[in-house]
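Protein chains: 2
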Amino acid sequence: MKSRLILGLFCLVVFGSLQAQKLESPNGNLEMNFSLQEDGTPVYNLEFEGRAIIEKSKLGLELKEGQPLTSNFSIENTEKSTFNETWTPVWGEESEIRNQYNELVVHLDQEDSERKLVLRFRLFNDGLGFRYEFPKDSRLGHFVISDEKTEFAMTGDHTAFWIAGDYDTQEYDYTESKLSEIRGLMTEAVTANVSQKSFSPTGVQTSLMLKTEDGLYINLHEAALLDYPAMHLNLDDETMVFESWLTPDVNGDKAFMIAPGITPWRTIIVSDEAKDILSSRITYNLNEPSKIEDTSWIKPMKYMGVWWEMITGMSSWDYTDEFAAVKLGETDFEAAEPNSTHAATTENVKYYIDFASEHGFDGLLVEGWNVGWEDWFGNSKDYVFDFVTPYPDFDVDEIREYAKSKDVEMIMHHETSASVRNYERHLDTAYQFMKANNYNAVKTGYVGDILPRGENHYSQWIVNHYQYALEKAAEYEIMINAHEAVRPTGIARTWPNLIANESARGTEYQAFGGNKPNHVTVLPFTRLIGGPMDYTPGIFEMDISKLNPDNNSHVNSTLANQLALYITMYSPLQMAADLPKHYEQFMDAFQFIKDVAIDWEKSVYLEAEPGDYITIARKEKDGNNWFVGNVNGLTPRTSEIEFDFLEKGKTYIATVYADAEDAHYKDNPQAYEIKKYRVNSKSELSQKSAPGGGYAISIMEASKDEVKDLEKL
Amino acid sequence: MKSRLILGLFCLVVFGSLQAQKLESPNGNLEMNFSLQEDGTPVYNLEFEGRAIIEKSKLGLELKEGQPLTSNFSIENTEKSTFNETWTPVWGEESEIRNQYNELVVHLDQEDSERKLVLRFRLFNDGLGFRYEFPKDSRLGHFVISDEKTEFAMTGDHTAFWIAGDYDTQEYDYTESKLSEIRGLMTEAVTANVSQKSFSPTGVQTSLMLKTEDGLYINLHEAALLDYPAMHLNLDDETMVFESWLTPDVNGDKAFMIAPGITPWRTIIVSDEAKDILSSRITYNLNEPSKIEDTSWIKPMKYMGVWWEMITGMSSWDYTDEFAAVKLGETDFEAAEPNSTHAATTENVKYYIDFASEHGFDGLLVEGWNVGWEDWFGNSKDYVFDFVTPYPDFDVDEIREYAKSKDVEMIMHHETSASVRNYERHLDTAYQFMKANNYNAVKTGYVGDILPRGENHYSQWIVNHYQYALEKAAEYEIMINAHEAVRPTGIARTWPNLIANESARGTEYQAFGGNKPNHVTVLPFTRLIGGPMDYTPGIFEMDISKLNPDNNSHVNSTLANQLALYITMYSPLQMAADLPKHYEQFMDAFQFIKDVAIDWEKSVYLEAEPGDYITIARKEKDGNNWFVGNVNGLTPRTSEIEFDFLEKGKTYIATVYADAEDAHYKDNPQAYEIKKYRVNSKSELSQKSAPGGGYAISIMEASKDEVKDLEKL
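Note that the protein sequences, when read in sequence, are chains A and B. The first sequence maps to residues 1 to 713 in the UniProt record's numbering. The second sequence maps to residues 1 to 713 in the UniProt record's numbering.
Don't take every hint at face value.
One copy or two, it doesn't matter: identical chains are merged, so the pair holds either way.
[Stated by the list, open to error] With a straight-line cut-off of 27 Å between C-alpha atoms, the simulated DSSO-like cross-links for lysine-lysine are: (1) K621 x K676; (2) K58 x K80; (3) K211 x K594; (4) K64 x K650; (5) K64 x K197; (6) K64 x K327; (7) K435 x K472; (8) K650 x K708; (9) K581 x K291; (10) K404 x K435; (11) K275 x K64; (12) K327 x K291; (13) K676 x K350; (14) K648 x K350; (15) K621 x K648; (16) K136 x K327.
Please keep in mind that the hints were generated in silico from the structure rather than gathered at the bench.
With the rest of the complex left out, here is chain A:
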């Protein structure tokens, strides 16, 4: 990952007790003003093209001991600089990322305490990032943050796309409502989860997507969450001011800090066009460049999994029904009676390997392969898995060799059951086992309440753990796809072996009662702001009772919508989650999943409106093909797109996988049609999408001969 600094940085240091500072974005569209109130409280505001985005908002921190870092400040000096570079991500939505901002650093002195606090603001063309810094001479040493008092004062009763603030889960459907309606909708927004802890009737999670009445789009999140608790937002719904709400530890403390030190960045992405929120790279740009020098082992993967059959309840993770409780190392699985539902058998895995190999997939995930699933959940069990001992019917050696012979890479699964100490104890051995058996990527899971007991999924202590596992994985050249971990904050720039996270309500909930049909029109505006999601798309059979008669869940999506997700839900790790036999029923549609690229030279955000629709075109890396995806919300809609992103003068074959006329996510989800067209950069498409539907297009460069019989678009 090289970075290219286009313009050097210059620096202005101004000493003196200045009371107001203005910072403009490089293109002048955004303006941030910083000042101190009379009582020495730091405040800032933000404007976009002269329109207020953030009203005057306070900054500060309360400490467990001593004078709070909220007021009594004077400005010691300020620094301004500008920065402009282009860097090359290991994987991503584009092959080069521009990182350009103007920076203001404010050095504050606190009266009486003689403590120092630094505020660093970076204003990009598409938004603002700022953080707190505690310099070496801050007189802080070790200190505990009891509350972060960062305000985001809204200019009105905006529309928000929100999920309930929670210390343990993000796996909620989004609610679209006015800010003033959050309180009334909170109870129904908090649906049941196996581990959850809400904290306030107006508490919501980031990234939070907002829309103002006059058509401005605002996104609030954080970047570079490292060894600090995850930030939520708590709304004062009289004043419409959000305040940061950090995830507490077991004693209610928020962050144990050491000076010199920093907080994560707080980010505000702004535009008058929704699609610009999707193209923003602020979150990555506020993270440090890669700390992994040789990244050649980090590779995007398209994969299948022995997984959906367990999620739907058709098969089981566990091997036997004999044990009420398992003691690893003592319980004898060899002597146990197998149940008839265990999915991770050598035979079944080989069946998946055959299918994955035949259709060109890179990898295969297998869950439920290792002993311990009989009592893995809900028992607050400490030693729940050892991550190296297979069930008797899963032959590690045979599978390793078979997968190798079929050119499919096995993907490891480490469910931790949120027993974090146990996982850390086994981490080296588990990673070594992976490398010895050709597993170079691992899906990790943190289902259930955290051990050590009393901690939360998003508290500092546990955020620290996810990072520990990630950095140790990098030592072993292992890629991580972490489920139920804290939502990403652009850390994959620094540690690009974090190839995906779950950290939101994924496709699995389509088998647990369903997701909202427009869920996937919101996720790119919220969850994906911090990094890719292992959403596990590609479900072709929407009637789950066909897999498991006891499960009446329905997948609220059309088949064409499922295809579009490979484009609209960017991830370097893309699953085809359904069973091989379901793909075999729709091989013409499955062709798109086989064709679609997973790493991109560039992305063009054609149209987008959160909750309603998203249409994106992407050009594959190291190739000339393009792929387009459209996902649609509840209202049938015709999308009008131009193909001017294509290279001028070239001819392509566009294969359009679209909802059939009568398609509907609920009643007729499998109704799709596939059409081929001749297209070039002047082509235009008018394409209808059904409720919960969408379309996917592959655009392959072609010779004139190849396209001569095709209809021109």
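Given chain A's structure and the hints, the job is docking chain B onto it.
Chain B in isolation, oriented as in the chain A frame:
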């Protein structure tokens, strides 16, 4: 460690609803009766030669969920068996240990719940052990013990030698009082400690030493504390009934259990002679045989340390005064200004190596060698040490080679600052570093409040950690001396690489204000019941202000008493804790420390009374020399001992290191005299010990020629 089964075990299984069971000790001196009360509550009592030791006492457990396991039981069946073996410890007070008991196993069925509970009683000639067992068919699966309701009903208002019940420290002076006086004395018993949490005005710790008015001695403790919270005792001082009080976790839960499973053993040692309490091996016998197959690398050690100069405040652990807070990996120690007090310098270490080598010591401990001591304590710091990075003035390579050339083995120091996760993260690397640099033993420390925050030093979660570190050390062939860890419960039988613990108020407190002068007459009856203590004796300079003018602490012990501790405080790890220069002032007395053995063929407990005096004779393993130690309490006392433990017909030289006539722990602690005598098995000695004094005797086999000029005793 081989074990020799002398008599086979036989087994009687009796089915039916039996309501009372009697169990006798092999010699018939002890009788235990078990029965169910009318409501199905299990009860037991214990008698010694017809005299009540434990009145009828209830047994049972309360669970977090479901019917408590306290009543509604019926007896499904009972089993009786007898056991007699002799086993060979790797190290110890004797080279062979007899393990003989009669066993009663009671299988209980609980009405309604249909749960099963098993009680296993083992009655030895010197006491009782019993535990709860949860069989596979107990219908318990995973369960949480919210309280253990084991009673020990006293027969009267006994005298107790107690320290305050506490979840985090055992480092208290003992109080001798009637049971009825505990409540009134509790406040003054709870002296300040850096991490402490008391729970009840009548809560005390085990092992608890008791004496009845009619001269019976009773000791209450536990054996084989594994993955379970440490047990305290809470006294109902109206009924004089002790009840078990388990150390809670952060949520107040006690033990997370899995069936099949067991609790630790609860032990009651009984005799009408105090010295028999010292010779009891019940605690070891109730532990499993060694799980380490090749124990050849486990070796008792006599050692010195770069330590006392820091404890007294004469030198420092930390290297520099520059940093208010250290970030390992970021803070630059190479560039820092050293303070002038850092003790662990290459030069100083070499000085100690020279002295240790010259005087035949096996090892040298060095504390403060690794970066992180500047802010190690009191900051709830997570990443406090990395256990592998030395300060700039400590040359690992040079010291390794120098120590090797001088035939001294370096002893590693791992202070964790109670940051347990951080220690576990570094454990493999730290152990590997040790082996690479010829360190085969480590002193660990857990000073301060536990991280993960909210846990306690003696809760199940952390007890599990000490065991984890111990077992992992065994994999690396590393011996452990754990300070501030939970007090031992005979686990060293199973894991003989646990060569010592602190887990009580050690010699260091002589530099922190002093210990009670009779402290060492109590410890063998309490703390040492579970295993050896790294008491760090051998202080010759009792006026600490001579080391550090700012420290007015006084060592409440005579010099002769310090010598006696090498015998009376059994440990396979014995330190000579004082500075070389203080030994150089008293080389004739120092000779005893050089001569004394540290591993024993047999031990003879000559006389003992808790709080007053202890006199023990021990014969070295693989040799014919004997060593005798006497420690005395507050009252001057003349000890009359016979040498009939010596081999008949042999002649020895006895060198007696005793208090001088005017010696006194306070005013005249360094007044000692050394006399040599000719002795044989018929010799008798009448020897006076001063307050806080004692004597030590080396008895070396000698030819008639060698003894001809010596006075006969």
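- Should K58 paired with K80 be assigned to within, between, both, or neither, using CA atoms and 27 Å as the limit? within (21 Å within a copy, 75 Å between copies)
- Message: I want to check one pair: K275 and K64. Are their C-alpha atoms no more than 27 Å apart within a copy, between two copies, both, or neither?
- Response: neither (42 Å within a copy, 53 Å between copies)
- Query: Which holds for K211 with K594 at a C-alpha limit of 27 Å: within a copy, between copies, both or neither?
  - Reply: Answer is neither: 37 Å inside a copy and 82 Å across each miss the 27 Å cutoff.
- Taking 27 Å as the upper bound on the Cα-Cα distance, should K327 and K291 be classified as within, between, both, or neither? For K327 and K291, only the inter-copy Cα distance (18 Å) is at most 27 Å; the intra-copy one is 39 Å.
- Given identical chains, is K621 near K648, meaning Cα to Cα at most 27 Å, within a copy, between copies, both, or neither? within (18 Å within a copy, 93 Å between copies)
- Given identical chains, is K64 near K327, meaning Cα to Cα at most 27 Å, within a copy, between copies, both, or neither? So K64 and K327 pass the 27 Å test across copies only (21 Å; inside, 42 Å).
- Is the C-alpha distance from K648 to K350 at most 27 Å within one copy, between copies, in both cases, or in neither? neither (46 Å within a copy, 78 Å between copies)
- At 27 Å max between alpha carbons, let me know whether K64 reaches K197 within a copy, between copies, both or neither. both (23 Å within a copy, 21 Å between copies)
- Query: Is it within, between, both or neither when you check K621 against K676 at 27 Å Cα-Cα?
  - Reply: within (23 Å within a copy, 92 Å between copies)
- Query: Between K650 and K708, at a C-alpha cutoff of 27 Å, which is it: within one copy, between copies, both, or neither?
  - Reply: Result: close within a single copy only, 14 Å intra versus 116 Å inter.
- Message: I want to check one pair: K435 and K472. Are their C-alpha atoms no more than 27 Å apart within a copy, between two copies, both, or neither?
- Response: Close inside one copy (13 Å) and across copies (22 Å); limit 27 Å.
- Query: Between the shortest in-copy and the shortest cross-copy C-alpha distance, which are at most 27 Å for K136 and K327: within, between, both, or neither?
  - Reply: between (49 Å within a copy, 11 Å between copies)
In summary, the structure is inconsistent with hints 3, 4, 9, 11, 13, 14 from the numbered list given earlier, while agreeing with the others.
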